[in-house]
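Asks: Go by the hints and put chains B and C onto chain A.
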Amino acid sequence: MQSTQINIENSSNIEGLNEVENKPKKKLSYTKWGYIFIASFFVIYLIFTLVPQLLTIYDSFFDYDPFSGILVTDAHPEFCGFLNYQRLFQENALGVIEIYQTIGNTLIMWIIGAIPQMVIALILALIFTSTRLKLKGTGFFKTAFYMPNLIMASAFSALFLMLFSQIGPIYTLFKDMGWIPEHFDFVVNKTSARLMVAFLNFIMWFGNTTILLMAGIQSIDESIFESARIDGASTRRVLFDMTLPLLKPIVVYVLITSMIGGLQMFDVPQVLTNKAKNSGTRTIIMLLNDYLNMKNYGRAGAISVILFIITAVLSIFVFKTINKKEDR
Amino acid sequence: MADKSKLYESVDSSESRKALIKLIVVKTLCYLFLIFLTFMSFFFFYLLFINTTRSNNQLQDGGLVLIPSDSFFENLHNLFTSFRGEFNAVIGLKNSLIVALGSSLLTCYFSALTAYGIWAYDFKLKKAAEIFILAIMMIPSQLSSVGFYQIAIKYGFRNKLWLLIIPSIAAPATFFYMIQYLRSTVSKELIEASRMDGSNEFMTFNRIVLPIMKPALAVQFIFSFVGSWNNLYMPSLLLSNKDKKTLPIMINALSSTSWGSKDLGCIYMAIFLSIIPVVIVYIFLSRFIIKGVTAGSVKG
Amino acid sequence: MKKKILCLAAVAAVGLAAGASLTSCSKKEIFHIYAWNTEFQGYFNKYVSDEKNNDDSNAVHHLNGVEVKWTITPSDNGAYQKALDEALANNESFSEDEKVDMFLAEADYILKYVNSDATLDVKTAYGVNDFSQAYKYTVDQVTDTSGVVKGASFQCCPAGLIYRRSIAKAVLGTDDPTEVQKHVATWEKYNETADLMAAAGNKMTASFADTYRVYSNNAASPWVKDNKLEVPAFVNTWMDQAKDQLDKGETTTYGVWDGEKSAEFKKTGKTFCTFGPAWYYNFCMGPAMGNGTASTAPDETKDNYSPDHTWGDWAVVKGPQAYFWGGTWLLGAKGGNNTDLVGKTMNAFLKDEEILKKLVVDDGQFSNNKKVNGAVATENETQKKGNGFLGGQNDTKIWVDMADSIVVKNNTIYDQLCNEGIQTAFGKFLKGELDSKEKVLPEFYADIARSYPTLVIPSSK
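Chains as they are written, first to last, in the numbering used here: chain A, 1 to 328; chain B, 329 to 628; chain C, 629 to 1089.
Keep in mind the hints are simulated off the structure, nothing from the lab. Model, not experiment: these values are computed from the prediction. Mixed in with the good hints there might be a few duds.
To be verified - So the derived list for chain C, only partly shown, Cβ under 8 Å to chain A, looks like this:
#  : residue
1  : P702
2  : G706
3  : D713
4  : N743
5  : S744
6  : K797
7  : A798
8  : G801
9  : Y882
10 : N910
11 : K1056
12 : D1063
13 : P1081
14 : T1082
15 : I1085
As the list claims (entries may be wrong) - Label pairs and their calculated CB-CB ranges:
#  : chain 1 : residue 1 : chain 2 : residue 2 : range
16 : A       : R236      : B       : L348      : 42 to 48 Å
17 : B       : T513      : A       : G81       : 17 to 23 Å
18 : A       : G81       : C       : D683      : 27 to 33 Å
Stated by the list, open to error - Once the Cα atoms are required to be at most 27 Å apart in a straight line, the calculated DSS-like pairs of lysine-lysine come out as:
#  : chain 1 : residue 1 : chain 2 : residue 2
19 : B       : K570      : C       : K998
20 : C       : K697      : C       : K871
21 : C       : K946      : C       : K810
22 : A       : K275      : C       : K1065
23 : B       : K488      : C       : K674
24 : C       : K810      : C       : K710
25 : C       : K895      : C       : K810
26 : C       : K962      : B       : K482
27 : C       : K962      : C       : K751
28 : C       : K817      : C       : K751
29 : C       : K1025     : C       : K1012
30 : A       : K134      : B       : K570
31 : B       : K590      : C       : K986
32 : C       : K946      : C       : K962
33 : B       : K482      : B       : K346
34 : A       : K275      : C       : K710
35 : C       : K998      : C       : K674
36 : B       : K542      : A       : K32
37 : B       : K590      : C       : K680
38 : B       : K570      : C       : K680
39 : B       : K590      : C       : K810
Just so it is clear, CB atoms sit at the ideal spot from N, CA and C, and this is done for glycine as well.
If we strip away everything but chain A, and leave its shape as in the complex, we get (with noise of 0.2 Å):
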């Protein structure tokens, strides 16, 4: 395959670079096929997400009857200025104010998933590339550790709500060796259905970011440690002051796309804990889905325009920091 493009770009090498340079004006007379060419992405753009995107930030204005439709055939929605967004920043019964509750249920499970997957992920990318172990059978556990990252997260959920259910093996192994209390429920339980989240989010990351990283290891111009070798640094030293140092802005651009992905969080939470309305799993987009479902598109509106600005903010923090990569 590759052999192949190589050869065609020879060929067109020779070819080609006498031709262009006597016929420079003819470039001219090609730009609308620049327009034509581009056009499809922005039309289909422009019906499917920017109108709806419009759409979503008017609907957040108006005030939404749950029944319209069925019992009350001629509602029309009434503008209700910020009263959406005021409402999401109420106390519910229970004190809470629900979108920051959500908000932080998602960056929660967030960490406790990214930090130790970062580490790993960390960790293996280094005993992979390390030209000192020289492990064996690297491919293989690539492979193994990249697998459960094309597994359909909802099915991958499904599978842990039947194995922890209360008829399930694991939940039977837990209670035979006394490590749960008596009426315990995995997916009720706020801590333990926060780490099953976390748990089936690392493990459906880690070797995707483990690859990443190598990728970012590999990038590194390699003399740069055979010199600090022969002048008898350590490996500890060279991890430490080099290798780290090195690999810190693919870290945080690693880390900060994974928070805009992890902000999103929504199968994994949604099919585990869903059923047991739990309150400590509950994501931005699960109580989006919520509003949604009850046909509250005001409420929905809101919270995604909300969604919508801290993602932007993130946003321009990962700009900033593949600036930053570019400028070295």
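Replies: Quick look at chains B and C alone, frame taken from chain A:
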């Protein structure tokens, strides 16, 4: 390599033996660590497999069992014939396949087309278009979901699979990958050459550029296929008709209702069937996929 | 080259699939029914459809030659209501194969649809006008505020206490229904018996929520009054009793519909009783049924046989308090095409005596036809026969005695989420997730406020 052996030569033999022992210890620890992680990655799937081989009666008795039983085909048969409820494997597989194939083909083709449009031609809005696409890349897809859902209901587009396929024409992240690939691998002279041969612009793209982009297309095809195959959020909003549901929706429905008297063997089998197609594809393409992830990270 | 072939194959597959879905879009008559589970579908297939069998529940059935399509959406968390709301509100603009003709509904939310324009008068629209043999509550429930009847129930659901004969014999010394009833005739007696059961190493019920419907369907006040959420008094009584029983090891933390609960009905289970109407045997006691029915014993040679069944080891009594649980109403959707088929189905389950007799005798159900039920009860009495699952007990007689006095009162359109929500919130307390009983109601309020933001929620202190 050569440097290292020199290093070893310079120290005395007892120290080199110490270093050797240390290396062996570290290596063993590394392998143990790797084996442990492999075990973690596979253990739950192994349990899944075991439970697909156990009958409802055995499963209801609970207990951690690690040896397969003999009810695999019975469960499979029951799932397809007598299992009542939300999970219909044939319909689910069919719909998931249509949506995943359709959307990943569109994503790949049109992302490449858009990337090529911006990369190959000079036009006024070129820079603006690229910046715009980069900027929208980070907007969470859920922002549009509320409005999208409303529009779909209003115009009677619920339960139309194309509604999940067509929007994937505009995939900013795939575009980004494609344009990076074009910039790093393809030379513009190639286009000039093909123009000289009398090829029109679309032909140039379809016959010359697309084949060169095959590695990038394949990688992105796999990722968007898997993404779409596994997606729960949007499909679950839009598809309510039994004949139109995709596998993740069925799985979600299965786990958000109580199992009651349902056959547990069938539930495990349903989960197994949702997972297995991707695993099989992965076994054949893993080398290639991992290469793709690596390449993506370097370019991204 | 290989890749090219793969790509081509992929394109071809999409093309084929798209083609297949296109052909199915072409105009074809379809009788489209919405339901939240497959219980009614089974009886429909077996007794009304052209095929007259339910051997393969996934096979396509027909009625008068028209293909019948079922859209099943589980009701948990209001998902079925959501699906119905969407479909009914847009039914007239739906394409032919998506239009809903008929849908099923439960007492917990039926008022929403009865009092809406989306449902039709069954007399004028479907020619269903003979309710003379139907039980009064099943008609009251689908009569809108102006007196128009909007649907028909295919079952009547007086409910009682269903107990395990072998455990009754071992602990109470008798398995005779009249004697056992004495041990559970009042809630005090019931609690005493529960203590006896625990002392003998058994459980009284397999779910803390088993008794819930006995209380809730006898509630003295509605969940919502004047747009205000008001928790009825029974909730406290029920919670105290359930907590007490759980502490004494007399019940479990499993939910009413949990698989863990139904596993307790197997031979190895140690649960004395459960609560439910006639549909409960087939629908909730699968592991106890084996693959038997009311008229046939479990058969080892057939599919889905389970050696641990307890077929024949059950019996039913009135229990501490008469109550009813359910009724599955068929309602016609405005905008549907097949009004004749809707009428045919409704009439079949209201007055086709041949079908209804089979429903009662073979399936152990309790039909919505006084004449048929009465005839079966008398016939059983004289011929000394009955429901095989219940060890030959004539349960139809018990239901007949209870059915006429069922009155539905105090139900609202909010009931489903309230009933589900309070059980979930209380369950969290029992499972140790809420540290005091005082937190159950606030937990429940928070849940309801999210679903119905327009309701006035009591302020919790």
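Asks: So which of those numbered hints doesn't the model satisfy?
Replies: Hint check: 1, 6, 7, 8, 10, 12, 16, 17, 18, 19, 20, 23, 24, 28, 30, 32, 33, 39 fail, others pass.
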